[in-house]
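Chains as they are written, first to last, in the working numbering: chain A, 1 to 376; chain B, 1 to 376.
By construction, these hints were calculated from the structure, which means they are not laboratory data.
All figures in this text were calculated on a predicted structure; none of them were measured in a lab.
There's no promise every hint is true.
The list cannot tell twin chains apart, which means a pair is met if one copy fits it or any two copies do.
Pairs of lysine to aspartate or glutamate residues, derived as DMTMM-like cross-links and limited to a Cα-Cα distance of at most 20 Å, are as follows [unchecked claim]: (1) Lys-192 x Glu-248; (2) Lys-274 x Glu-157; (3) Lys-240 x Glu-202; (4) Lys-240 x Asp-182; (5) Lys-276 x Glu-118; (6) Lys-343 x Glu-114.
Number of protein chains: 2
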Amino acid sequence: MTPKIARFLEDVRPATPCLVLDVDRVEENYRALAAALPLARIYYAVKANPAAPILTRLVGLGSAFDAASWEEIAMCLEAGADPADISFGNTVKKESAIVRAYDAGVRLFAFDSEGELEKLARSAPGAKVYCRLLVENAGADWPLSRKFGCSVETARELMLRAKEVGLDPYGLSFHVGSQQRDSVAYEAAIAKVGMLFTDLSERGVTLRMVNLGGGFPVRYTSEVPGIDHFAQAIMGAMTKAFGNAIPEMIVEPGRFIVGDAGVVSSEVVLVSRKAKDDPVRWVYLDIGRFGGLAETEGESIKYRLRTPHDGGRTGPVAIAGPTCDGADILYERANYRLPLALKSGDRVDLLSAGAYVTTYAAQGFNGFQPLAEHYI
Amino acid sequence: MTPKIARFLEDVRPATPCLVLDVDRVEENYRALAAALPLARIYYAVKANPAAPILTRLVGLGSAFDAASWEEIAMCLEAGADPADISFGNTVKKESAIVRAYDAGVRLFAFDSEGELEKLARSAPGAKVYCRLLVENAGADWPLSRKFGCSVETARELMLRAKEVGLDPYGLSFHVGSQQRDSVAYEAAIAKVGMLFTDLSERGVTLRMVNLGGGFPVRYTSEVPGIDHFAQAIMGAMTKAFGNAIPEMIVEPGRFIVGDAGVVSSEVVLVSRKAKDDPVRWVYLDIGRFGGLAETEGESIKYRLRTPHDGGRTGPVAIAGPTCDGADILYERANYRLPLALKSGDRVDLLSAGAYVTTYAAQGFNGFQPLAEHYI
Numbered sequence: 001m002t003p004k005i006a007r008f009l010e011d012v013r014p015a016t017p018c019l020v021l022d023v024d025r026v027e028e029n030y031r032a033l034a035a036a037l038p039l040a041r042i043y044y045a046v047k048a049n050p051a052a053p054i055l056t057r058l059v060g061l062g063s064a065f066d067a068a069s070w071e072e073i074a075m076c077l078e079a080g081a082d083p084a085d086i087s088f089g090n091t092v093k094k095e096s097a098i099v100r101a102y103d104a105g106v107r108l109f110a111f112d113s114e115g116e117l118e119k120l121a122r123s124a125p126g127a128k129v130y131c132r133l134l135v136e137n138a139g140a141d142w143p144l145s146r147k148f149g150c151s152v153e154t155a156r157e158l159m160l161r162a163k164e165v166g167l168d169p170y171g172l173s174f175h176v177g178s179q180q181r182d183s184v185a186y187e188a189a190i191a192k193v194g195m196l197f198t199d200l201s202e203r204g205v206t207l208r209m210v211n212l213g214g215g216f217p218v219r220y221t222s223e224v225p226g227i228d229h230f231a232q233a234i235m236g237a238m239t240k241a242f243g244n245a246i247p248e249m250i251v252e253p254g255r256f257i258v259g260d261a262g263v264v265s266s267e268v269v270l271v272s273r274k275a276k277d278d279p280v281r282w283v284y285l286d287i288g289r290f291g292g293l294a295e296t297e298g299e300s301i302k303y304r305l306r307t308p309h310d311g312g313r314t315g316p317v318a319i320a321g322p323t324c325d326g327a328d329i330l331y332e333r334a335n336y337r338l339p340l341a342l343k344s345g346d347r348v349d350l351l352s353a354g355a356y357v358t359t360y361a362a363q364g365f366n367g368f369q370p371l372a373e374h375y376i
Numbered sequence: 001m002t003p004k005i006a007r008f009l010e011d012v013r014p015a016t017p018c019l020v021l022d023v024d025r026v027e028e029n030y031r032a033l034a035a036a037l038p039l040a041r042i043y044y045a046v047k048a049n050p051a052a053p054i055l056t057r058l059v060g061l062g063s064a065f066d067a068a069s070w071e072e073i074a075m076c077l078e079a080g081a082d083p084a085d086i087s088f089g090n091t092v093k094k095e096s097a098i099v100r101a102y103d104a105g106v107r108l109f110a111f112d113s114e115g116e117l118e119k120l121a122r123s124a125p126g127a128k129v130y131c132r133l134l135v136e137n138a139g140a141d142w143p144l145s146r147k148f149g150c151s152v153e154t155a156r157e158l159m160l161r162a163k164e165v166g167l168d169p170y171g172l173s174f175h176v177g178s179q180q181r182d183s184v185a186y187e188a189a190i191a192k193v194g195m196l197f198t199d200l201s202e203r204g205v206t207l208r209m210v211n212l213g214g215g216f217p218v219r220y221t222s223e224v225p226g227i228d229h230f231a232q233a234i235m236g237a238m239t240k241a242f243g244n245a246i247p248e249m250i251v252e253p254g255r256f257i258v259g260d261a262g263v264v265s266s267e268v269v270l271v272s273r274k275a276k277d278d279p280v281r282w283v284y285l286d287i288g289r290f291g292g293l294a295e296t297e298g299e300s301i302k303y304r305l306r307t308p309h310d311g312g313r314t315g316p317v318a319i320a321g322p323t324c325d326g327a328d329i330l331y332e333r334a335n336y337r338l339p340l341a342l343k344s345g346d347r348v349d350l351l352s353a354g355a356y357v358t359t360y361a362a363q364g365f366n367g368f369q370p371l372a373e374h375y376i
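The task is simple: from the sequences and hints, build the whole structure.
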């Protein structure tokens with residue numbers, strides 16, 4: 001928690017649940033990443049948090065943007081971004097959204113299938129396109145499954161085809177999974193990309209860009225390697241794959257930029273036990289999986305918690321949200337412990353909760369409004 | 001799909017994604033349940049769909065309401081409900097919400113812990129309270145976990161205590177899990193409740209009400225037993241437990257009332273294969289787990305799908321939502337098959353999708369707006 005956030009929580013005591021996010025920390029994170037990977041252009045993953053104060057600050061810093069939808073592109077433009085600095089990074093787009101983006105000046109598009117390539121050829125003629133490869137996500141706390149990307153063979157055919165249909169076969173992308181803690185995932189993916197570059201070059205298509213995706217981790221309950229560790233591994237792998245002819249590089253950090261810039265402040269609604277002698281207390285907060293903490297699904301992202309009783313004796317707890325839904329449980333198996341003194345009405349702050357919370361809140365689950373947002 | 005919905009989809013061709021819900025079917029379902037269980041008072045579980053046209057229709061039919069939050073209580077009052085017909089059914093409530101409900105005239109409250117009982121004693125003096133027991137959820141497609149309810153021993157103590165602190169120890173409740181397909185779950189729970197009634201009566205507390213919760217199933221991809229089957233099992237178990245002295249009965253159906261009254265209409269954004277020879281196609285819809293289809297988590301609720309190519313040859317598919325989130329997959333292991341002719345731009349309707357969709361949609365996940373709603 002930054003001093004500015006601590007002061008805001010102390011002075012303002014905002015109604016809970018809410019996100020308080022320090023935009024200065026966003027800038028610090030952007031600068032740290034830019035310093036660690038000077039050869040890479042940063043495309044902020046807007047979906048992590050699309051709030052105007054964040055986008056505006058990043059525009060001022062010269063950031064580019066990775067958008068998941070036309071609506072996110074519109075938010076970037078509203079914040080002053082140059083359409084030339086926006087990548088439409090979702091491989092699954094309605095053609096109407098492609099038309100809108102192209103009309104607004106966006107010229108960089110992701111894809112991973114023939115159907116999407118056809119849409120782009122029709123509705124974004126001449127645009128730079130990059131194909132997303134399916135890579136291993138081992139080591140990621142929030143893996144991205146098989147939903148995105150295609151095989152190397154399919155990517156090869158699609159990039160050859162891209163040229164034929166009047167698009168600019170610009171590069172390749174991959175995503176090692178979000179909150180990725182192992183740099184080996186990047187190294188394996190870069191090696192795969194390097195081979196496909198060579199292969200396509202021999203067939204007359206010279207790619208110019210590698211999009212490394214995002215995934216850089218934030219410290220939750222466990223320590224994670226620093227950004228320099230990942231930067232070194234990435235540059236080592238790039239040099240191994242490309243020698244001196246390193247192509248343009250794109251990174252798409254979301255969590256890394258905004259994660260530790262924000263705190264979700266909540267209130268304890270109830271502390272109870274299922275039976276008198278049950279050692280486990282159930283702690284119910286006024287925010288849960290459907291109120292913004294979507295990434296606690298499967299207990300994947302384990303937020304650090306701060307309570308007014310920290311330092312006192314603790315006991316095991318299960319932690320749940322305020323709704324009548326049985327699935328609205330944050331942590332039941334993750335061995336969380338909280339102070340025995342914790343009671344209804346106490347504040348509980350979730351640290352490093354600036355990413356993937358606000359827009360992920362249900363619009364009215366069980367009647368509860370989405371969390372409030374404060375950008376300071 | 002009711003004829004009225006089919007006509008609306010055909011004539012209006014509403015923008016997708018959207019819910020189209022036939023309020024006449026809501027009335028039919030209410031009447032069917034009232035006929036099957038004439039001794040039970042129906043408290044509609046507002047969280048299933050809190051839209052005003054539904055609440056207004058149900059008020060006209062004499063329904064009572066089970067609310068999960070103060071906000072849901074306010075919606076019921078707005079629709080004309082008598083506060084005496086509202087149960088505040090969430091066992092986890094902020095004390096400020098209890099105060100508001102009590103001030104508005106609500107006199108029926110659920111609880112399952114000492115902490116909650118203390119709040120009720122302070123802020124809802126004299127109110128009728130019922131304690132929720134933890135029961136088995138085997139047989140339910142959407143089980144409710146250990147989040148709610150307490151042990152029989154704890155419930156016994158709490159009901160004795162309720163009397164001491166000036167509350168009216170009114171009854172007991174349980175919930176067998178949502179989309180419960182096995183009537184045995186009700187029988188086991190009722191037997192447990194019956195024994196606790198006797199036990200408490202011997203200690204000077206005479207309970208008057210059994211709240212059977214909800215859980216009555218709707219037909220998705222699998223056939224389910226009809227409501228008469230559950231009604232018979234329930235009345236059999238009640239007679240066995242209580243003889244002629246059957247207490248007041250409450251049921252809290254949500255899904256059963258609105259589930260098959262609604263259709264979610266969506267559009268295919270993309271059909272693709274990960275590799276050329278992959279038999280499985282990926283079908284991406286413009287609605288996913290975070291756009292309203294929250295109950296597809298873990299592939300729990302398996303909606304029936306209708307496409308313009310039904311009857312044609314089919315092949316295996318994975319079905320996913322439109323966002324950049326790898327977790328936004330509806331069905332990957334559930335062996336769905338869809339027509340080989342299916343393509344981008346086609347409409348896909350999800351049948352019996354009237355429950356637990358609208359308010360569950362994220363407010364702006366990846367920039368996508370929540371689904372539109374049409375009540376006809």
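Status of Glu-248 relative to Lys-192 across identical chains (alpha carbons, at most 20 Å): Classified as within; 16 Å inside a copy, 68 Å across copies.
Lys-240 and Glu-202: within-copy, between-copy, both or neither at 20 Å Cα: Answer is within; shortest intra-copy Cα gap is 19 Å, inter-copy 81 Å.
Same-copy or cross-copy closeness of Lys-274 to Glu-157 [CA-CA at most 20 Å]: between (59 Å within a copy, 12 Å between copies)
Within, between, both or neither: Lys-240, Asp-182 at alpha-carbon 20 Å: within (18 Å within a copy, 60 Å between copies)
Intra- versus inter-subunit Cα pairing at 20 Å for Lys-343 with Glu-114: between (56 Å within a copy, 12 Å between copies)
Up to 20 Å CA-CA - Glu-118 versus Lys-276, copy category: Classified as between; 16 Å across copies, 64 Å inside a copy.
The structure fails none of the hints (numbered hints given earlier).
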